[in-house]
Amino acid sequence: MNKKTIIFYFSQSGNSLYVAKKLVEIIENTKLVSIPEAIYNNQYKYYNYERVGFIIPLYFMSMPNMVKEFISKLEISKDSYIFSIVTRAITKGRIFHDIDILLNKKNIKINYGEYITFPDSYIKWAEAPKEKTILKVFQKAEKHIDLIANNVLKEQVYRESEGFILKSISSVVYTIWKSKLKSISKSFKVNNFCIGCGICEETCPAANIKLENSIPIWSNKCEDCMACVQHCPKKAIYFNSRTINKKRYINPNIKLEELLSKKRIK
0 MNKKTIIFYF
10 SQSGNSLYVA
20 KKLVEIIENT
30 KLVSIPEAIY
40 NNQYKYYNYE
50 RVGFIIPLYF
60 MSMPNMVKEF
70 ISKLEISKDS
80 YIFSIVTRAI
90 TKGRIFHDID
100 ILLNKKNIKI
110 NYGEYITFPD
120 SYIKWAEAPK
130 EKTILKVFQK
140 AEKHIDLIAN
150 NVLKEQVYRE
160 SEGFILKSIS
170 SVVYTIWKSK
180 LKSISKSFKV
190 NNFCIGCGIC
200 EETCPAANIK
210 LENSIPIWSN
220 KCEDCMACVQ
230 HCPKKAIYFN
240 SRTINKKRYI
250 NPNIKLEELL
260 SKKRIK
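Here the sequence shown is numbered in numbering that gives the first Met the number 0, starting from 0 and rising by one per residue.
Hints are computed from structural coordinates only; laboratory data are not their basis.
For glycine and all other residues, C-beta sits at the position ideal for the given N, C-alpha and C.
Do not rely on the hints blindly, as some may be mistaken.
To be verified - Simulated crosslink set (DSS-like; lysine-lysine; CA at most 27 Å straight-line):
1) Lys72 to Lys233
2) Lys131 to Lys220
3) Lys67 to Lys30
4) Lys44 to Lys30
5) Lys209 to Lys67
6) Lys254 to Lys233
Stated by the list, open to error - Restraint-style ranges between C-beta atoms, simulated for each label pair:
7) Lys2 to Asn191: 48 to 56 Å
8) Ser178 to Val23: 46 to 54 Å
9) Phe163 to Ile214: 41 to 49 Å
10) Lys233 to Lys108: 42 to 50 Å
11) Asn103 to Glu49: 14 to 22 Å
12) Ala125 to Phe163: 22 to 30 Å
13) Asn41 to Ser76: 16 to 24 Å
14) Lys209 to Lys233: 15 to 23 Å
Just need the whole structure built from these sequences, with the hints factored in.
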């Protein structure tokens with residue numbers, strides 16, 4: 000009988016969800032769970048799985064704040080094989096080290112950790128690359144996912160290197176970023192192209208956006224994922240002036256409906 004596997008994912012551009020879905024196709028008897036949905040539904044107990052995976056994006060050289068919250072409360076078997084695949088554009092960080100810190104408090108450790116490259120979805124710094132470039136990235140990613148799946152099935156023990164210097168730099172970068180999270184929402188703007196469709200509200204993993212008179216209003220619990228900017232069909236949402244004219248990026252293999260979180264909105 001195939002071992003029971005569960006994969007927790009956090010994905011707003013669709014990159015991490017794409018990887019998770021591909022792994023499900025290869026690794027039989029696997030369940031997918033959205034981390035924001037699990038948090039909202041207060042679901043943290045998952046003892047009946049022999050393999051536990053985290054498919055998440057790299058945020059400022061570590062993990063999204065919600066992911067950290069989730070792993071810190073997660074209850075799983077100490078005998079589970081733990082793997083994490085991290086989607087990133089260029090840089091590495093200390094994310095596997097940080098996951099290990101959270102798991103070690105439960106007497107668990109990460110067995111397998113690897114980065115996989117995808118187009119950058121952090122529109123503050125980058126815009127969507129050309130279609131030819133995206134195609135090349137996905138061709139490499141497909142092969143990489145197959146390799147990762149094979150390694151997970153064999154339950155290999157491997158963690159991509161994160162040196163002392165990189166971990167030290169990452170710690171500083173991540174700490175500065177987290178200190179600014181509560182004030183980030185103040186920089187989101189919306190122009191007259193807004194049609195009040197509510198997609199920004201529905202794609203926000205933190206339920207940080209509410210429509211008032213059909214206009215999005217941001218609270219102070221932003222995850223800095225930029226989903227509201229990337230998914231706006233009219234490009235009406237922007238972050239200060241730096242994102243106004245930038246081309247948006249959404250994983251072309253993931254449907255918008257797969258990223259909506261409407262049932263979490265109160």
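Now the hints, each set against the structure:
Straight-line distance between C-alpha atoms of Lys72 and Lys233 comes to about 38 Å, which puts the hinted pair past the 27 Å bound. Among the hinted pairs, Lys131 with Lys220 is inconsistent with the structure: their alpha-carbon atoms are about 36 Å apart, more than 27 Å. Among the hinted pairs, Lys67 with Lys30 is consistent with the structure: their alpha-carbon atoms are about 20 Å apart, no more than 27 Å. For the suggested pair Lys44 and Lys30, the alpha carbons sit about 14 Å apart, so the restraint of at most 27 Å is met.
Only pairs whose Cα atoms come within 27 Å are accepted, and Lys209 paired with Lys67 is accepted, the gap being roughly 24 Å. For the given pair, Lys254 sits about 17 Å from Lys233 by alpha-carbon distance, which is consistent with the 27 Å threshold. Against the hinted window of 48 to 56 Å, the Cβ-Cβ separation of Lys2 and Asn191 comes to about 54 Å, which satisfies the hint. Taking the beta carbon of each, Ser178 and Val23 are about 36 Å apart, not inside 46 to 54 Å as hinted.
The beta-carbon spacing between Phe163 and Ile214, approximately 48 Å, falls within the hinted interval of 41 to 49 Å. Under the hint 42 to 50 Å, the C-beta atoms of Lys233 and Lys108, about 46 Å apart, fit the expected range. Between Asn103 and Glu49 the beta carbon distance is about 20 Å. The supplied range of 14 to 22 Å therefore holds. Here the CB-CB span from Ala125 to Phe163 is close to 28 Å, well matched to the stated 22 to 30 Å.
As the Cβ distance of Asn41 to Ser76 is approximately 20 Å, the hint placing it in 16 to 24 Å holds. Separated by about 19 Å at the C-beta atoms, Lys209 and Lys233 satisfy the suggested range of 15 to 23 Å.
Hint compliance for this structure: hints 1, 2, 8 are broken, all remaining hints hold.
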